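Colleague: This is what each chain is made of:
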Amino acid sequence: MLYLVGGPGAGKSHAAAYVVSDLEEQSPLKDGLAHRTYRYETPTRPLTVVNDATIGDRLHSRGALGRDIDTATRDQTHFFACVNRGILVDESAVFPLLGRESDGPQGAVIDWLLREDNLKAPECPSGWEVRTNETKTDYLRSGRLFSAGAHLADVLVVFVDVCSLFEESPSATVSQLSSVGPSVNGESYRIARFHRRRDSDPRKFPAGELVAGVVKALQVDSEERDPAFLNPFQANLDSLSSDAVLSGFLSVLRASEIVSSQRMTYREVWGALVRALVGDLPAQIAGADIENFLESSQPVQPRALARFAELRALAAFRYTQSIFGIGDGTDQKDEALQNPVLRLTRLVDPVRDALPGTNSPTSDGWATPLFDAFASEAGHGSPLDALMLSLSPEDPFRDCVGAFDRGLDEAFVAALACSELKQRSEVVIWYSGYLMRLYATANGIPAFRREIEIWTNAWALSPKIPGTLESQLLTLLKPARVHGATDGASLIPIFDSRTSPITGESRPILALRTSSIEMETSRDSESLFLRLKESGKEIRRVLLDFPLVREALACGEGYAGVTELSDITSPRLERFRAARLVPGKQMDTQRYRVVVGLTDEVLSVGEAF
Amino acid sequence: MSRISMSLPRPQYVAVPEAFISALAWKILHVDRLENSTDNSSEIPMVKDIAGKPIGLLFRTNGGTSRLIKMKQTLPTGIRLVEFVDALEKAGLQIEGGSDLLGEAVLNSLDGVRIEKSGGQPASPLTPSIALLQNMRGALGTKGPPDTAMIIESLFALGASTSPELLTASRLWLRAAKHRMEIDPLLNALDSAVDRTILGSQRVEPPPLPAGLPSAESVPEGDYSGTPFDWFASAWLRLTSDEWVEALPARVWVDWATTVLRLATGLGFLWECSWNEAFARAVLKSETVSWGDVRSEVRTVLPWGSSRAGTVALDVAPQLVARVYRSERLRSLIADRLDACSAAASDFGAVMDEMRDDEGFARSLTEALSSNERVGSGKNVWEAITYALKTRETSESRADYYGLLQSNGRYLKVDPGTEWIAVVASLSCVTPGASSDVGRVMADLEKMGMRPNLSDLVALLERAGMARGSADADQGVRVESAY
Chain A
1 MLYLVGGPGA GKSHAAAYVV SDLEEQSPLK DGLAHRTYRY ETPTRPLTVV
51 NDATIGDRLH SRGALGRDID TATRDQTHFF ACVNRGILVD ESAVFPLLGR
101 ESDGPQGAVI DWLLREDNLK APECPSGWEV RTNETKTDYL RSGRLFSAGA
151 HLADVLVVFV DVCSLFEESP SATVSQLSSV GPSVNGESYR IARFHRRRDS
201 DPRKFPAGEL VAGVVKALQV DSEERDPAFL NPFQANLDSL SSDAVLSGFL
251 SVLRASEIVS SQRMTYREVW GALVRALVGD LPAQIAGADI ENFLESSQPV
301 QPRALARFAE LRALAAFRYT QSIFGIGDGT DQKDEALQNP VLRLTRLVDP
351 VRDALPGTNS PTSDGWATPL FDAFASEAGH GSPLDALMLS LSPEDPFRDC
401 VGAFDRGLDE AFVAALACSE LKQRSEVVIW YSGYLMRLYA TANGIPAFRR
451 EIEIWTNAWA LSPKIPGTLE SQLLTLLKPA RVHGATDGAS LIPIFDSRTS
501 PITGESRPIL ALRTSSIEME TSRDSESLFL RLKESGKEIR RVLLDFPLVR
551 EALACGEGYA GVTELSDITS PRLERFRAAR LVPGKQMDTQ RYRVVVGLTD
601 EVLSVGEAF
Chain B
610 MSRISMSLPR PQYVAVPEAF ISALAWKILH VDRLENSTDN SSEIPMVKDI
660 AGKPIGLLFR TNGGTSRLIK MKQTLPTGIR LVEFVDALEK AGLQIEGGSD
710 LLGEAVLNSL DGVRIEKSGG QPASPLTPSI ALLQNMRGAL GTKGPPDTAM
760 IIESLFALGA STSPELLTAS RLWLRAAKHR MEIDPLLNAL DSAVDRTILG
810 SQRVEPPPLP AGLPSAESVP EGDYSGTPFD WFASAWLRLT SDEWVEALPA
860 RVWVDWATTV LRLATGLGFL WECSWNEAFA RAVLKSETVS WGDVRSEVRT
910 VLPWGSSRAG TVALDVAPQL VARVYRSERL RSLIADRLDA CSAAASDFGA
960 VMDEMRDDEG FARSLTEALS SNERVGSGKN VWEAITYALK TRETSESRAD
1010 YYGLLQSNGR YLKVDPGTEW IAVVASLSCV TPGASSDVGR VMADLEKMGM
1060 RPNLSDLVAL LERAGMARGS ADADQGVRVE SAY
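For the protein sequence lines, the chains are A and B, in the order given. Going letter by letter, the first sequence gives residues 1 to 609 in my numbering. Going letter by letter, the second sequence gives residues 610 to 1092 in my numbering.
Hints in this document: simulated from the structure, not taken from any laboratory. Remember, predicted model here, so these are calculated numbers, not experimental data. Be aware that a few hints might be false.
Stated by the list, open to error - With a straight-line Cα cutoff of 20 Å, these simulated EDC-like cross-link-like pairs (lysine to aspartate or glutamate) come out:
hint, chain 1, residue 1, chain 2, residue 2
1, A, Lys464, A, Asp567
2, B, Lys1022, A, Glu534
3, B, Lys752, B, Asp1009
4, B, Lys988, B, Glu886
5, A, Lys464, A, Glu538
6, B, Lys894, B, Glu906
7, A, Lys30, A, Asp52
8, B, Lys787, A, Glu41
9, B, Lys726, B, Glu713
10, B, Lys894, B, Glu968
11, B, Lys699, A, Asp567
12, B, Lys999, A, Glu607
13, B, Lys726, B, Asp1009
14, B, Lys699, A, Glu538
15, A, Lys537, B, Glu855
16, B, Lys679, B, Asp709
17, B, Lys681, B, Glu692
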């Protein structure tokens, strides 16, 4: 039995089609509709394929998958199903594990598919059991189905939404049948450290392979082009044909996944790709009209400012603008909330986090060359030339820039020369944003690059924590009692509604003195958890995601910091601190204190007289 | 038992969240018998003074007397403070330094949320005695406050299929509070000191129920399953069980319990409003309906729109205010007609037939259903509901993370605080430390009368740090209990 479990758009049907491509269908129904189950002939036994478990069967809408599993087991056919997790939850309500005796294997199988890795299944009274094999990973699990001790089938489940499409796919091998059955070995899933993405081959990522392939297929021979024709779509294709630029683009998309703690499926990758190539044009015109659109959009205005405005409209289709939903500068906030791709990518718009510095291994910043380009005279007024002069020969920005960008730059210089001050600043603001995004995206620099870098490092180093992050997390969790003292004891009020540690002067109040915390991390596919221990006892597990990293990095020298994400992180921190106040196991009554002013005294709770 | 009138006592707004638990304490510990006592020789704060004015008790207050009530502070000062500290020491608390420091520190630790209007402050009801340090009159500042405890008992009784007179909800609270003191010696010491010195050991425990207290598993499925009353009964039974008391810190447990009581009040009365309307419409219909049919007409009690809609679209105030006022008119019309009915109240079909045949009654129902007037007792009910469900606005640094509704000028929208979702989702995981899935949380929210967008709910859970992984798993997203 093979199961592909995951959300829509993950490519399950695609994989299913590949599996059956060489097989002959038994009694095919040629009505052009998608059906629920299909049967195929194979050299060994028939194969039942459930392509889309969301299509119910004709008689009942609930429990259809369970019945299919039961039928397949009884008929002893191979079984292959593509399932949504939501369907599994529904099915488990219909076929609970602890069901009746006469139930078939479906209860045990569905429970095994839903079960979290480290939990042991309770005994199933009907005698069906799936025993997990030794080697398993986050995305792959194999087992064997037993009925009252007899081995009936081998089961394999692939969770297709666990690994990011922007990381290297781990490879898995199935070695052929031994006496026990096929053995499956999968590599562990790895997340690359963010700064190392720059040097990696984009084709190694599933999304990269897709984008590179599409771009190559669409690419037009350069001799056939008219140099005076300003075509942003062609410019996009040209930029993305360069491996370095493609790598930068994928890095930015990966960053949006990390910041939002979500993963893109193939559906979103296609959406991002379309958006990168043609912006939101598909919503405005039909595909066949694109030539006419380009023709009619070519700038015709003689006056420089108006010509620049026309070009700005075209520049909205440049991939570095459209991928962040910028458009030509008008407010597009509503669309950004609705569009599944923009919802993620606008979080990492480089303009939000343009740190000064040069893009080198020793510095966090990257935007200084851009500031300089607009200020300097080196390019004779052209920021683009000035920028190109200051960059190294290998900078991906050179591959990214094309005829369109040069045309836009010329128009900018002309517009600036003859515009008044009020219009000038608006023009400069827009164009500087444009160049900033062009540069940053070409180099794979998202917003919050530092935090993302630290998060990927923490993931890679797990269970250890990178030094910089560790001390700042400690400050966040336990701000010092006295400012500046980094290793002071921390005092939390026992009965207060908030558990923020007491800092500075305080009125008399009862508090708990907490001792030092040990921290380590653990991984679960893409999630990273911070495990907190006090005096050897584990207190809590806190999700260490982007908001928490960002909050931690705002702390320093014993002061806790605050960011725009505090609303998200403070409840979690509250719960961590409150965990120490749970009576009995967690709370050490030796640590009661009475706090007054800047000092505290021991409070002991003994027997009553 | 089919009920046409739900027999819920009329509520008023409860401005102070601590008052909910205090009300239960006053009811179950039989301290309200002091209302009629005229013994004023003792110095224990009594609830009626010499001039006969009712006394409002509050932990911290500036005192003062209005025309109707006299405010008395229960916080010990002067010689009472010395006695209090002495009692603390006898209960086993010792510090190195001066003992008056101990007294002050303990009293500061008991502070609840400040009342903006009067500047008074209740005590956080961490133990039975501390819960008695304010009474409803003191907390609300009115002479005749509503019997909040009976309202809560009535709401619980509907969901648990018991009767309000058994005071089950209060007993469950008392059991939980006592268990808390068993596992927390510090609170035990505080409780006995407060009882001895401030209250004069006046509390009287109730005799146990012959059948014992129900547990979550033993409650039968009643007529009101799938309603906010059902949710309240299961949530309260779970929260007051030993395992949840042990899993939560003292103050957090009090905050969670208060949240559950607030929700029960707000959503319970909203359900009653929808019920009155559904019943009235059923009377006006020509075909016969059963009680169950009418009940199933009541579904979404609080509209929870998608987060992507604008402020005006999400505003629930206009719709709900109209509904509440209408409901109050209908309720009194129906109650009057029921009194005049010749058929037995328990015979739903016969009563319906009688009402249907009464043309005058039908006319008045029609008129009430289409009216938009804001007169009558609707104001009190509306205020009770909004105060129960709204996020408190306080000027202090402690924000109210437990509210469900947010007011924004004159708009009122569903915007739960982060800890609100933690309470609801954790309780739907049944036991502490367990995990569940979004499907079950949705099912519980539906019982409460709300149907949020699935992605909104998942986003809320993620923000609270309770949802695991955002794999596009629809209802299958895992939810972990917050404690």
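Colleague: Check each numbered hint against the structure and report the violated ones by number, ascending.
Modeller: Per hint list: 1, 2, 3, 8, 9, 11, 12, 14 and 16 violated.
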